[in-house]
Structure formats: C-alpha cells, structure tokens
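Given the coordinates of chain H, work out where chain B should sit on it, guided by the hints.
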Amino acid sequence: MKKVYGTAAEALDGLLSDGMLIAAGGFGLCGIPELLIDAIVESGIKDLTVASNNAGVDGFGLGKLLETKQIKKMMSSYVGENAEFMRQYLSGELELEFNPQGTLAERMRAGGAGIPGFYTQTGVGTQIAEGKEVKIFNGKEYILEEGIFADLAIVKAWKADTTGNAIFRKTARNFNPPAAMCGKICVMEVEEIVEPGELDPDHIHLPGIYVHRLIKGEHEKRIEQRTVRQKEAS
Amino acid sequence: MAWDRNQMAARAAQELDDGMYVNLGIGIPTLVANYVGDKDITLQSENGMLGMGPFPFEGEEDADLINAGKQTITELPRTSYFDSATSFGMIRGGKIAAAILGAMEVAENGDLANWMIPGKLVKGMGGAMDLVAGVGKVIVVMDHTNKHGDSKVLKECTLPLTGKGVVDRIITNLGVLDVVEGGLKIVECADGVTEEELRAATLATIV
Numbered sequence: 001m002k003k004v005y006g007t008a009a010e011a012l013d014g015l016l017s018d019g020m021l022i023a024a025g026g027f028g029l030c031g032i033p034e035l036l037i038d039a040i041v042e043s044g045i046k047d048l049t050v051a052s053n054n055a056g057v058d059g060f061g062l063g064k065l066l067e068t069k070q071i072k073k074m075m076s077s078y079v080g081e082n083a084e085f086m087r088q089y090l091s092g093e094l095e096l097e098f099n100p101q102g103t104l105a106e107r108m109r110a111g112g113a114g115i116p117g118f119y120t121q122t123g124v125g126t127q128i129a130e131g132k133e134v135k136i137f138n139g140k141e142y143i144l145e146e147g148i149f150a151d152l153a154i155v156k157a158w159k160a161d162t163t164g165n166a167i168f169r170k171t172a173r174n175f176n177p178p179a180a181m182c183g184k185i186c187v188m189e190v191e192e193i194v195e196p197g198e199l200d201p202d203h204i205h206l207p208g209i210y211v212h213r214l215i216k217g218e219h220e221k222r223i224e225q226r227t228v229r230q231k232e233a234s
Numbered sequence: 001m002a003w004d005r006n007q008m009a010a011r012a013a014q015e016l017d018d019g020m021y022v023n024l025g026i027g028i029p030t031l032v033a034n035y036v037g038d039k040d041i042t043l044q045s046e047n048g049m050l051g052m053g054p055f056p057f058e059g060e061e062d063a064d065l066i067n068a069g070k071q072t073i074t075e076l077p078r079t080s081y082f083d084s085a086t087s088f089g090m091i092r093g094g095k096i097a098a099a100i101l102g103a104m105e106v107a108e109n110g111d112l113a114n115w116m117i118p119g120k121l122v123k124g125m126g127g128a129m130d131l132v133a134g135v136g137k138v139i140v141v142m143d144h145t146n147k148h149g150d151s152k153v154l155k156e157c158t159l160p161l162t163g164k165g166v167v168d169r170i171i172t173n174l175g176v177l178d179v180v181e182g183g184l185k186i187v188e189c190a191d192g193v194t195e196e197e198l199r200a201a202t203l204a205t206i207v
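Those protein sequence lines, which keep their order, are chains H and B. Residue 1 is where the first sequence starts when you use the UniProt record's numbering, and the numbers rise one by one after that. Residue 1 is where the second sequence starts when you use the UniProt record's numbering, and the numbers rise one by one after that.
This is chain H alone, in the form it adopts within the complex (with noise of 0.2 Å):
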C-alpha cells in the first residue's frame, strides 16, 4: 500500500469535492498543514466547512481559504487574528460555529474514535449550551456535544515513515492527532519521512492506520507572536 505522494496536490487527488467538512489540525499558525492548504486553494473546490481552532491570519494558513471565498463555514474556538475573516462574517457571508476549545477537540477525538455524542459541563449556562439536550450525572449538568466525522482531514506532523506512523514537534502537536482520527481520509504533510524501523514504535504519537496518504515538503513555519527575554548584561 503506498502512502507516500510527491506533492500535495496528488496527495489530494480525488479526495476532494464542493461543500466537504474538512478537520485540519493546528493551533494559531503552529503546526498547520501549510502545502495542504495551499494545494486546496489551487484546487479552487467550494462551499467548504472547515473545523479548525484558528482560521489562520490574512495571507496564510487558512486565511488564503478564507481570501478566496472557498469556506463557507468555520467551526473553530477563536478567530481573532484575521481581518478578512472578521468582515466576511460580519456581512453574513461567512458562517461561524464557535466551539469552545476542549469541546472542539474531543469532538474531533470522539469522532476519530467511533463516538457519536459525549456529555460535558464546559458551556452549561452559557449560549453555547442553546438547543443543547441537558443530563444530570451525580447533581451536576451537562451538555451533549456530537462528534465529528469529516470527509477529510488535513494535518501536519514533524516526521513519519513510509506507513504512515507520525511523531509531532513540541506543541505543533496541539489539534492534528485528533483531527487526522476524525477523517474519513487523512492527508498528512511531515518535514522528514523515514523507512519503517528508523522510529522507535515506543515513541509514536500517531500510529500510521490513521493517516492514509503522505507528503514530505518545505514549510515556512510562520512565527505569529514573537516575543524574547534579553540576555542580562555579566
């Protein structure tokens, strides 16, 4: 079975189709499948949902989804670092499911896992529990939260081998693994991929029966707040 792929663009090849839900993984523009997004836009498919923490900034990541008019609708937890997000949905043409952050990931989690439906107390009282089915556990409220199944999830790892077994890189880890479980098919971009055997099977963060298809490329890791102490004078 062959997962590995030249370029992003034919990783996604026949995977993709107007109005999909697509999980990518990420957090701010911290571990986000940059080519993937980008092979996306050059694709020009339409009317996409995208569940996402962030919606990338203008000029990257999901931002250029965003600039292009191809998403129709982000189901994220906090979107303020873009502009052009901002007034697409201030005049409607954006729609936005705001999810709070740990009620986004174990959605994506729950779905990966075969998990329709899960009671949690984050939102209980809050607008984010509107139209929500309550239950009472031991005294205490819940709300149910659905998971989520997505036709495609896109995501991004530091390095994997050829079948797919994936290590991330200190907090770029953040949503990919549970976004990449939660796809029906998952289209995974690594800085390095290795033969089968070079990665230690003790230290795998996401085992390869997860990701179905597989590019190695350049990424600009673009920094969003960098911030520095000074050296203090000897």
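Hint data in this document are derived by calculation from the structure and do not stem from the laboratory. Do not take every clue at face value.
Just so you have them, the derived chain H footprint on chain B, three or more residues with Cβ under 8 Å [unchecked claim]:
(1) 45–57
(2) 70–76
(3) 81–87
(4) 124–132
(5) 173–181
Below, a list of computed lysine-lysine pairs in the DSSO-like style, where the Cα atoms sit at most 30 Å apart [to be verified]:
(6) H/Lys221 / H/Lys64
(7) H/Lys140 / B/Lys185
(8) B/Lys185 / H/Lys132
(9) H/Lys135 / H/Lys2
(10) B/Lys95 / B/Lys147
(11) H/Lys46 / B/Lys120
Idealized CB from N, CA, C, for every residue including glycine.
Frame of chain H; chain B shown alone:
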C-alpha cells in the same frame, strides 16, 4: 492608592501552593509567573504543554514552541507535550488545580463573563469555557471598575457568560473577595484602600 498590575499579580501568586499544576490566562494573569518565587509550580499551556518556561532569548525562538497566546516560549527539564484532546482532558478532568483568568464582569453568584461583547468584535472563547468548567479553583484577576468607572463586580452579569457559578475568588486593584453563599465576602483590601471604598466600587451584595 490601590494595587497596580504587578501587585495584583503578586497577590494572585500567593494563592498558589507547592506542587500545583496551574493555567494562567492572558494579560495580568501571565504576570503571576513572575511572583511564584521558590514555590514548585508547573504551568500548563492549553495548546498542549505542561512545564512552560520563559520567553526565549533572541535568535532562539522556535516556531513549534508557543503558548496559548501564540507567543514563543521555552521548555523546562520537566516539560511534557501532548495533543489538544489530552490537554483539555486534564482540564475537564479536574487535574489542573487552579486557573487564574482575566474578566470583563463577575457576578456575586460566581458567574463569569470574559469572552464576548454583543455587537462588537467577537473573537471567540478559546479554552476559557473549558477551564472554568473543569479546574479545581477559578481565580479572577481584573480591575475593579471599567474605563468608565463602572463596577465590574455585579449582582448579575450583563454580558454573555463564560461559565455559570464558576468563580471562587476575585482579586482586583482594590482588594480580594470570595464568592460565598449569598454574595461576596471581603477577604482583604488593597494597600491604602478602605472597606468603604471597596464596597462603594462594588455592585454585588457583600455579606
């Protein structure tokens, strides 16, 4: 006289005990890390890290290592990384001892509003709703009044809630208040602030 941002952060740091795993929000709560002293505190960053270190030196920034405010940070010898579902599992599961957060409004029943102002720019709640629903203790650090001089410590919140009945303690520039049965209880007044001044700036019931 009242506490400034750093004094509020220093007061909030007194809430933390040895061995605690803690999540700090953006703004004044971030400054709390500067005042933990010798206490053995592990900071959680909800994007998937325990054991958050300080900002990197110039030239040592790593695009793969950021905090929940998307700022570049560093790791410590004790650091561990994990995915977002695991991160919020430990938050929802009550493993994080305390969260210190900013707020727009707090009500006497512990209701918290800190994520949106209707009709204004809506950025999203991020992880705030999960944190206040899940962690052991929720400590709010904020100015007692807004820029118009109106109290932010209210009988009822007017803004959409982040959580219902979730706040345990409020630390403001004017003092410290606990959420108790029937209203708020004054724990202490800030340096140079009288109880009368604290009461006058508070719309919530003080018991």
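Just pull the numbers of the violated hints for me, sorted ascending.
Violated hints: 5, 8, 9, 10; rest satisfied.
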